[in-house]
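A.B. asks: As a plain string of letters, each chain reads:
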Amino acid sequence: MTMVVVGGQMGKPEIEADLKKMLAGKNIDIEVKNDLDAALAVKSGQANYYIGACETGAGGALAMATALLGSEKTMTVASPTKVLSPDEIKEGFEKGKVAFGFTINSKDTVLPLLAELIANS
Amino acid sequence: MDFNTVLDYVLVALMGAVGSILANRGIAVFNDGLRPIMPEYFEGKIDRKELAATSFAVSFGLVIGMGIPVSIGTTVLLAHSILLTDDIIGTWTPDTKWGSAIAGGIGAIYGVALMLGLSSIVKLFNAMPVNFMPALSLLGTPILLAFAAFPALAVASQHGAKKGIITMGVTFVTWLVVSKFAIWKLANGTTIQLDPTGMALLVAMIMMIFFAAQVKSTGDSNTQLVNVFAERVSRIKHNWIWLSLMGGIITVAASQLFFAVGVLPQQLLVKGDVNGAIFATVARAIGFVPLVFSTAIVTGVYATAGTTLIFAIGMLLKGQPILAFVAGFAWMWIEVQALNVTAKGLDRFPGIRDMGEHIRTALSDTIAIALLIGSAMACSKMAGNVGYFWVIGWWLLNRKLKKPLVDLAVGPIAAIALGVLLNLLRVVGLF
Numbered sequence: 000m001t002m003v004v005v006g007g008q009m010g011k012p013e014i015e016a017d018l019k020k021m022l023a024g025k026n027i028d029i030e031v032k033n034d035l036d037a038a039l040a041v042k043s044g045q046a047n048y049y050i051g052a053c054e055t056g057a058g059g060a061l062a063m064a065t066a067l068l069g070s071e072k073t074m075t076v077a078s079p080t081k082v083l084s085p086d087e088i089k090e091g092f093e094k095g096k097v098a099f100g101f102t103i104n105s106k107d108t109v110l111p112l113l114a115e116l117i118a119n120s
Numbered sequence: 000m001d002f003n004t005v006l007d008y009v010l011v012a013l014m015g016a017v018g019s020i021l022a023n024r025g026i027a028v029f030n031d032g033l034r035p036i037m038p039e040y041f042e043g044k045i046d047r048k049e050l051a052a053t054s055f056a057v058s059f060g061l062v063i064g065m066g067i068p069v070s071i072g073t074t075v076l077l078a079h080s081i082l083l084t085d086d087i088i089g090t091w092t093p094d095t096k097w098g099s100a101i102a103g104g105i106g107a108i109y110g111v112a113l114m115l116g117l118s119s120i121v122k123l124f125n126a127m128p129v130n131f132m133p134a135l136s137l138l139g140t141p142i143l144l145a146f147a148a149f150p151a152l153a154v155a156s157q158h159g160a161k162k163g164i165i166t167m168g169v170t171f172v173t174w175l176v177v178s179k180f181a182i183w184k185l186a187n188g189t190t191i192q193l194d195p196t197g198m199a200l201l202v203a204m205i206m207m208i209f210f211a212a213q214v215k216s217t218g219d220s221n222t223q224l225v226n227v228f229a230e231r232v233s234r235i236k237h238n239w240i241w242l243s244l245m246g247g248i249i250t251v252a253a254s255q256l257f258f259a260v261g262v263l264p265q266q267l268l269v270k271g272d273v274n275g276a277i278f279a280t281v282a283r284a285i286g287f288v289p290l291v292f293s294t295a296i297v298t299g300v301y302a303t304a305g306t307t308l309i310f311a312i313g314m315l316l317k318g319q320p321i322l323a324f325v326a327g328f329a330w331m332w333i334e335v336q337a338l339n340v341t342a343k344g345l346d347r348f349p350g351i352r353d354m355g356e357h358i359r360t361a362l363s364d365t366i367a368i369a370l371l372i373g374s375a376m377a378c379s380k381m382a383g384n385v386g387y388f389w390v391i392g393w394w395l396l397n398r399k400l401k402k403p404l405v406d407l408a409v410g411p412i413a414a415i416a417l418g419v420l421l422n423l424l425r426v427v428g429l430f
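Residue numbers (numbering that gives the first Met the number 0), protein chains in the order written: chain A, 0 to 120; chain B, 0 to 430.
Hints in this document: simulated from the structure, not taken from any laboratory. Since the model is a prediction, treat every value here as computed from it, not as a measurement. Hints should not be assumed to be uniformly reliable.
Now the in silico label distances, taken between C-beta atoms and shown as ranges [unchecked claim]:
#, chain 1, residue 1, chain 2, residue 2, range
1, A, E90, B, I120, 39 to 45 Å
2, B, L6, A, K19, 52 to 58 Å
3, B, W97, A, P12, 47 to 53 Å
4, B, I165, A, T1, 38 to 44 Å
5, A, T1, B, L6, 57 to 63 Å
6, B, D194, A, T1, 48 to 54 Å
7, A, A118, B, K161, 34 to 40 Å
8, B, A112, A, D107, 50 to 56 Å
9, A, E90, B, K161, 44 to 50 Å
10, B, L185, A, P12, 49 to 55 Å
11, A, E30, B, I321, 49 to 55 Å
12, A, K89, B, E49, 18 to 24 Å
13, A, E90, B, L400, 19 to 25 Å
14, B, I120, A, P12, 37 to 43 Å
Where is the CB? At the ideal position from N, CA and C, for every residue including glycine.
Using the sequences and the hints given, assemble the complete structure.
C.D. replies: What follows is the structure in structure tokens.
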């Protein structure tokens, strides 16, 4: 059973609802937590993936995950300066990134890509 | 140039210089997203080039997409426009004694150049054939009262819609009662009046904190962090003198009323509502304390402006630069020394810790909508009803862009762009 935690800061109910729709029937659990508990859940192996959004894609979204898991496990998928391409996101995913942050305004662009990668993992 | 103008330039130079040195030496960074990357550099997991690239990626978009545009056309600088750039300058310069000196020099030049540039833009706008500065001042109008709605929104997202509606109702009734009845005529003819918006916000914030404090737990995640990362906490304490120095400088800048943290206090200061700005700064700081403290504890890198409460202290001491410096210097020392105790205290009130992210989200949503409506008002004042087309169109289109702007910056940028465009159209005879 795969488990995804929604940490980070902004739009958590929307991200949860979107993920539930995208991952319906795939036997994947989705849970909303605060940033610290979500990061700890991934660190302890309770959860497999971390997803979070904020204004920068790195601060409120990913700061605690980066601090606890290390930057080799985390990836800012969309910042105000740069939105990664589907190929770049896929490459990061295959390299073992498990925590993903993005700006809340790019949710509709990047969340489907992440959901697909998680569903096929 | 009068004394205050000279002092303001000295202050931006110092904030640019000291802030860049703090980032260069890894003592403090302003961007919460950059802080966790710093230990990776200390431990050699990434090199200086990668650190520089990351700091640029997480900060630059907010400097040019929010910090500078929101400050354009006003006399109040948004802290982001200087402190985020300090992060970039500090990490782009070499990690040596000379590197620190270079960072300080570039930071000082940047601060002065930014302030010169922004004040000449104000002059330029005022000299244009279609002067849209009076229209632009409408931008912050809705914020003056609308921001009192944010605690109700934060309560709703943390504790459910019902408690949110109750908070909204109580906020409104407080405003009504205070504005009707809290006026006293003194014997000598002067009247004293309580500020209805300030009181409404105060009551709403008390309700928000009350609801959050009800959530009890026996969790100890912060205590664990403090224990596991004890060495990193002592690294911050060891650097107290630098942090206090920066704290003092920022507090003086805040006391001069030209430097604000967050768009809400900045817009309130632009409108001359100092008390509102103090309230808003404290509210915002409460929202950021959990994030700033927990990232600081696990990284050993503090925030350039700490919990940002020094901005409120500065405004309380407006016009008293020396006192402001001493107070800011002392407050940063207290913050740093109390890091352990405060973080452990948050464990006992997990609701308060969680409240932080609800406050941050509620604040940015409230400001974004208020600024959207404000910019629509400003644009319609400039160009009639086509102003609504312009603002609403760009707001909605922004989210479809490859690299969307932060919501709250869309309105102000659209308004300024329309003003400039109208001038170009006037030149070719189309407006």
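A.B. asks: Indicate whether the distance between the beta carbons of A112 (chain B) and D107 (chain A) respects the range 50 to 56 Å.
C.D. replies: Between A112 (chain B) and D107 (chain A), where Cβ atoms are some 38 Å apart, the hint is violated.
A.B. asks: Would you say the C-beta atoms of I120 (chain B) and P12 (chain A) sit inside 37 to 43 Å of each other?
C.D. replies: holds, 40 Å
A.B. asks: Using the Cβ atoms, figure out if I165 (chain B) sits within 38 to 44 Å of T1 (chain A).
C.D. replies: At roughly 39 Å between Cβ atoms, T1 (chain A) and I165 (chain B) fall inside 38 to 44 Å, so the hint holds.
A.B. asks: Range first: 44 to 50 Å. Now tell me if the beta carbons of E90 (chain A) and K161 (chain B) are that far apart.
C.D. replies: holds, 46 Å
A.B. asks: Honestly, do W97 (chain B) and P12 (chain A) meet the 47 to 53 Å range at C-beta?
C.D. replies: holds, 50 Å
A.B. asks: Is it true that the C-beta distance of L185 (chain B) to P12 (chain A) lies inside 49 to 55 Å, as the hint says?
C.D. replies: For P12 (chain A) against L185 (chain B), whose Cβ atoms are near 51 Å apart, the range 49 to 55 Å holds.
A.B. asks: Lying within 18 to 24 Å: is that true of the beta-carbon distance K89 (chain A) to E49 (chain B)?
C.D. replies: holds, 21 Å
A.B. asks: Do E30 (chain A) and I321 (chain B) keep their Cβ atoms within the hinted range of 49 to 55 Å?
C.D. replies: Since the Cβ atoms of E30 (chain A) and I321 (chain B) sit about 52 Å apart, the hinted range of 49 to 55 Å holds.
A.B. asks: Range first: 34 to 40 Å. Now tell me if the beta carbons of A118 (chain A) and K161 (chain B) are that far apart.
C.D. replies: holds, 36 Å
A.B. asks: For the hint 52 to 58 Å, verify it against the beta carbon of L6 (chain B) and that of K19 (chain A).
C.D. replies: Holds - the Cβ-Cβ distance for L6 (chain B) and K19 (chain A), about 56 Å, lies within 52 to 58 Å.
A.B. asks: 57 to 63 Å was suggested as the range; check whether the CB atoms of T1 (chain A) and L6 (chain B) agree with it.
C.D. replies: Hint holds: Cβ distance 58 Å, inside 57 to 63 Å.
A.B. asks: Against the range 39 to 45 Å, how does the distance between the Cβ atoms of E90 (chain A) and I120 (chain B) compare: consistent or not?
C.D. replies: Holds, since E90 (chain A) and I120 (chain B) (Cβ atoms, about 42 Å apart) stay within the stated range.
In terms of the numbered hints stated before, the structure departs from hint 8 and from no other.
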